[in-house]
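Asker: One letter stands for each residue in the lines below.
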Amino acid sequence: MRGLLPILTVLAAIVAIWYAAVAPMNIRGALDVAERAGAEVMPTESLARFERPIWRLMVDNPQYIALGYSLDRPRLPTPVQVGSELWKTTGEMALNGRAFSKRSLIYHGWITLHSTLWGFALGTVLGMAGAIAIVYSRVVDMSLMPWAIISQTVPIVALAPMIIVLSSQVGIEGRTVPKAIISAYLCYFPVLVGMVKGLRSPGAAQLDLLQTYSASGLQAFLKLRLPASMPYLFTSLKIGIAAALVGTIVGELPTGAISGLGARILIGDQFGTPLAIWAALFAAAILAGVLVTLLDLTQRATLKRMGMQA
Amino acid sequence: MSWLVFALAFWIGAWALNTYLANSRWRGSLFVRVLVPMLFGVTLIVLWEGIVRGLGVSPVILPAPSTVAQTFAASTDILWEDFRQTVLKGALSGFAIGVLAAFVTAILIDRSAFLTQGLLPIGNFVAALPIVGIAPILVSWFGFDWQSKAAVVVVMVFFPVLVNTVQGLRETDAMQRDLMRTYAATYFDTLLKLRLPAALPFVFNGLKIATTLALIGAIVAEYFGSPTRGMGFRISTGVGSLSIDLVWAEIAVAAMAGTAFYGLVAWAEKRVTFWHPSHRRS
Amino acid sequence: ADDVTLQLKWVTQAQFAGYYVALENGYYDEADLNVTIKPGGPDIAPTQVIAGGGADVIVEWMPAALAAREKGLPLVNIAQPYKSSGMMLTCWKDAGIASPEDLKNRTLGVWFFGNEFPFMSWMSSMGISTDGKSENGVEVLKQGFNVDPLLQRQADCISTMTYNEYWQVIDAGVSPDDLVNFKYEDQGVATLEDGLYVLEENLQDPAFVEKMQRFVAASMQGWKWAEQNPEEAAMIVLDYDETGAQSETHQKRMMGEVAKLTAGSNGALDPADFERTVQTLLAGGSDPVITAHPGDAAWTHAVSDALN
Amino acid sequence: MQDTAEAPVISATSLDLTFQTNDGPVHALSGVDLNIAKGEFVSFIGPSGCGKTTFLRCIAALEMPTGGTLTVNGMSADDARRARAYGYVFQAAGLYPWRSIEKNIALPLEIMGYSKAEQADRIARVLDLVELSGFGKKYPWQLSGGMQQRASIARALAFDADILLMDEPFGALDEIVRDHLNEQLLELWARTEKTIAFVTHSIPEAVYLSTKIVVMSPRPGRITDVIDSPLPRERPLDIRDTPEFLAIAHRVREGLRAGHAYED
Amino acid sequence: MQDTAEAPVISATSLDLTFQTNDGPVHALSGVDLNIAKGEFVSFIGPSGCGKTTFLRCIAALEMPTGGTLTVNGMSADDARRARAYGYVFQAAGLYPWRSIEKNIALPLEIMGYSKAEQADRIARVLDLVELSGFGKKYPWQLSGGMQQRASIARALAFDADILLMDEPFGALDEIVRDHLNEQLLELWARTEKTIAFVTHSIPEAVYLSTKIVVMSPRPGRITDVIDSPLPRERPLDIRDTPEFLAIAHRVREGLRAGHAYED
Ligand SMILES: Nc1ncnc2c1ncn2[C@@H]1O[C@H](COP(=O)(O)OP(=O)(O)OP(=O)(O)O)[C@@H](O)[C@H]1O
Ligand SMILES: Nc1ncnc2c1ncn2[C@@H]1O[C@H](COP(=O)(O)OP(=O)(O)OP(=O)(O)O)[C@@H](O)[C@H]1O
Ligand SMILES: Cc1ncc(C[n+]2csc(CCO)c2C)c(N)n1
Ligand SMILES: [Mg+2]
Ligand SMILES: [Mg+2]
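Protein chains in written order, with this note's numbering: chain A, 179 to 488; chain B, 187 to 468; chain C, 482 to 789; chain D, 1379 to 1642; chain E, 1379 to 1642.
In isolation and in its complexed conformation, chain A is listed as follows (with noise of 0.2 Å):
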């Protein structure tokens, strides 16, 4: 717990400077608030405000700078303001038995949390496929590898609606699939090659030791290339479900616009409601950690028990 220190240390700074940035930020907006109040601030013309630059606006109008912590609508929220939006939307609800309601955020993030466990285990298994296929192949590893990294370059983006007019096509309803496609499109990479790498990590001398007693490919496979990848495997796969998150995010945010982190923060932006564009981006960034701290923890259990050192 010694490490608590820093990274407290340093949370601390972040959020000095966060709430330091609020005020520049916001003060064209609490001015704006201001004079519709009908109180007189400094140029009393909009559009003349427009012209000034931010740090005459708070030199000519100091007392309205608090004012710029309490915005309905503020250009940069203040911590406090994304902390209690985010229990509204999630802790008090649950208070209320409302949690799984749709206005809740558990619920949406339920709903990105389901597709991203699909695109995790759909990519994943691509990966491990395509890796194992690398490793025993020579023509797959001459072939596929380089098209695995170009693939990374498409912009997955781009391919979403025609992912959902595709997949709806041939039968698959709901956005569930689609989103976990695009999940699974961007987990794979990290998991093939951090496969790869560990599939191969066994050194000639550990494969000769095996050679030495005849041992069969598949024998050679289980007890040696399968254990000795577990590092590797583990590692990869926190990156890949961070990646799976991300890919759900980017599927819900132009396209999925139904439910979802990515489209609660596609709504907030579209009704410009900052406040629950930040609360989805924080929910987010809260399931991100839970997803890959558990990887963690099964990662120390299992190689623990494996009994190499984490």
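It cannot be assumed that every hint is accurate.
No farther apart than 30 Å at their CA atoms in a straight line, the calculated lysine-lysine pairs in the DSS-like style are these [as the list claims (entries may be wrong)]:
id, chain 1, residue 1, chain 2, residue 2
1, C, LYS733, A, LYS280
2, B, LYS379, B, LYS456
3, A, LYS266, A, LYS280
4, C, LYS574, C, LYS664
5, A, LYS482, D, LYS1416
6, A, LYS375, D, LYS1481
7, D, LYS1515, A, LYS482
8, B, LYS456, E, LYS1515
9, B, LYS275, E, LYS1481
Treat the hints as calculated values from the structure; they're not laboratory data.
Given the structure of chain A, go ahead and fit chains B, C, D and E with the ligands onto it with the hints provided.
Answerer: Frame of chain A, contents of chains B, C, D and E with the ligands only:
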């Protein structure tokens, strides 16, 4: 139907040729190392063409590669304009700023073990977040033109590079550092002659991740508002007006730009970290 | 019961109240229909969805539908619940904009994704170029999904719907007195919005036509109920909103505005409105939306004739 | 090269092995003739790169000779490998870090399909043999280098191969531990009567352990001297200070120096 | 412990060093007294973990003793480090892989601010000294282990430190190469009259090289024996077969065995 059969036949033929080449005695030669993946790519395209034609898939759902190629050739001026807007202005400038900022930050915080211990886990965490989600916020902060796209790219690129650089700066082994101490070397001597070179493989790791993120960030950000040009603009509006062939042409440009960018970084990596075990050839 | 899948043009909101009311009040059930309503979204092109077989009938704006028709996707208008257009350009008054002439040399926010055609026609009818700010040109931005560009003065004007975005500007605290609105209807460049479209080939099948007759009739019943009971209709829409982000006040107000646009329609397309839309689009200047008159094959009364 | 009365266990005749590399062919072995009789302890010594490892790997059928003949137990090397005729001890202990010592020793037994009971039995026996009883549940990294090396020997002894091939098994250990393991190895050899082929860089080690010392020289790898040791089978550590010992050591050193190019 | 007439170059008095670890304190050095005179060649030998490296690191001021006094060239160890009083050769060559051999040797010279011309001059000289002329443009991984080790010695010789601290510099090399490097090192020592402190695991190496052999024992690391070699400074390799040599080797081995626990 005959298209499908042809595509399948081509696939089998190309696969057989590839299998032969990959196990032949020229498999190490540059020619074969390029030819095999090329053949694989061509096979994918032929299969795609065959399926689209064979099954009569509507061009507003999935255009055939030949159609895309025609559109590509006919719209080079639009594609070039979009490429300039999104890649050259948005992605590259954001990439440069983000990488530079991350690099400088890494070197600055590296002097303080305390800061490093505090920032590394946070940076690692942030690097795992779906940062694309901030695109709408940054578009509303920085306006519609490429500046907001660059801002999204800066934020997306910053953390992977920061984390990798900090990690790399700590990656020297004790003996290498002790050697510097025996020379009573100064901080800058050690930084310049030991820790920066030793960090380079890690820095490049971060750069490679950043290249793919940069393009995605710039394109997604255009969904939330843009001038009437840019690859994200064209892709998002193209779907609406059923110009799916133009969308695919843009996707092709993005893939080529991304691959070229990645290739450039990988090439630089090979040149600069030639000494690293993963690049040595013996 | 017969299955019908309806693809909406946008997210669940009072803009589509009629369909949700028909579903909720059982009008579709009474017509022996099993209707699935698919909400849309910013990146969902109903035209593409219907081409891919994902829907039997779609809600689409006529410019986009005709453009798709030229691209080889033969869409046919079978009903037109919206009589008038709700599109406007909303500008800051203090920027010095009073008439369309004042738009020159300014930055304007426009929706794309097939919704830009009315704007382009309007500009070309006024002889204003859209290639950037100049004496006789405007700078066009692809407006995102919100009204920020206006509020933050990144644009002098933005596109709004009378029933939606305009009220978001007002909700942000802007007084109506500070704004100037140019309604497309008033400028004579209005195009038909929110019609129902199906694939031409399906209309060959009498069973399909009969099914659509029942569907349109039930939908119109929903629309008329919604016009009479705007508050309840808005609440029904809210129940169907899966995002949980819509607000009650906003939807009730939207329903009130939408009712004004649907009021004049009995569901049948007025051929004169069609002709006007086509002429507006054909006038699209150097880069017109459609290059030739689509002819009367682009609409039919076969379905709506059964209404009365 | 001298023959024994029985049919040799390992017999190489004008063995050649050339590696094709980017820089042209490398002649790792060239015209190697050698017979090893049952129960012998043969050490291979020679400068780095002279082909000691390569020769051992040929016997183990991990490398295919490009010329000459090689038989192991009267069959081809590859058949002998399939018949699991030998145990191989590598330079590094090469234990799998995710397996406990016990499980590491069980590895060949699992692969060869021994029953669980039989496995437990054999593990206990060989652990005892290398004086590691009680450490079976530990993981490799919890043991010192010397103990790991003994575990890897145990692994090679666990199944019934009567040839033991050992490639610099004690190279990484300090001199005192090494002395101790040398003593134990001799004892084990005496008890089990296995045939052992042993690669080393250390002259005293070679002389101390072997009944026969094979001195090799590099480029192309060939045998320059084969010395049959006159030392008795019973060898206390002190034997290394006797004149007989020193005489053999001297002969080995001369043989080595003759074949060595200093610019390595 | 015997003194020489001159003031000693390195002088340790009841030196203690205790590491605080998670498992409690580790007494790496305890009550170490030692004087090293100018021009001596002192070897440190002892079982693994007895504190040889730690002692060398104390002299180099890479480690701070927790008790006792230590002076180098009459000043504190840290002042001596700042005055660049010594060159240190690590067990592994520790060349920077991104620098060519030349550039590796230039490293200390760059840091100490030698002019370009002076650098080139010295590089050429030391490359010649370790017989690596012509390899300056190569990268470390393109050289054999022995060559790398010689390059690292060249690096330590390139600047004018007259103390050389060497921590098992030949540990990773084969016996023949090692013999050769030993000969060369002796020659170099004779020519340059440096003071050398040398850690090794090999008894013959220690005896062959040193004017003084320090035998250490572990836990806590202390000196059990200091042997002044009666061998002449001029030492052909053959000297290792002489009775004097063997007698010293025997004494060293006895000293080592006394301090060694076999269960390692
Ligand atoms: N797979 C290979 N491909 C190419 N050359 C090889 C290969 N394996 C070994 N060699 C070369 O064959 C020669 C003999 O190698 P080998 O490993 O048998 O030597 P060694 O006597 O065991 O040396 P050391 O004492 O260093 O282990 C060397 O020159 C080596 O470089
Ligand atoms: N930084 C450290 N922290 C804690 N303990 C240490 C540290 N460095 C060395 N030790 C311990 O101090 C003791 C002496 O270590 P040292 O490296 O000096 O031994 P050595 O004689 O050089 O051994 P070897 O022959 O294996 O190199 C050992 O028990 C070691 O574990
Ligand atoms: C990418 C995209 N941007 C804007 C619109 C505009 N639009 C058309 S109908 C409608 C609902 C009215 O509020 C809106 C906002 C769109 N469809 N797609
Ligand atoms: Mg070898
Ligand atoms: Mg040491």
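Asker: Give a verdict on every hint.
Answerer: Hints, one by one, checked against the model:
1. This hinted pair checks out: LYS733/C and LYS280/A have alpha carbons roughly 19 Å apart, not beyond 30 Å.
2. Proximity of LYS379/B to LYS456/B is assessed by CA-CA distance (about 19 Å); at most 30 Å being required, the pair is judged to hold.
3. Between LYS266/A and LYS280/A, the direct Cα distance comes to roughly 13 Å. Compliance with the 30 Å bound is thereby established for this hinted pair.
4. The straight-line distance between the Cα atoms of LYS574/C and LYS664/C is roughly 15 Å, inside the 30 Å bound, and the hint therefore holds.
5. At most 30 Å may separate the alpha-carbon atoms for a hinted pair to count; LYS482/A and LYS1416/D exceed this at roughly 44 Å.
6. Under the criterion of a C-alpha separation no larger than 30 Å, the hint pairing LYS375/A with LYS1481/D is consistent with the structure, at around 25 Å.
7. For the suggested pair LYS1515/D and LYS482/A, the alpha carbons sit about 14 Å apart, so the restraint of at most 30 Å is met.
8. Our distance criterion of 30 Å between C-alpha atoms is met by LYS456/B and LYS1515/E, whose separation comes to about 19 Å.
9. Taking the CA atoms of LYS275/B and LYS1481/E, the gap is near 40 Å; set against the 30 Å cutoff, the hint is violated.
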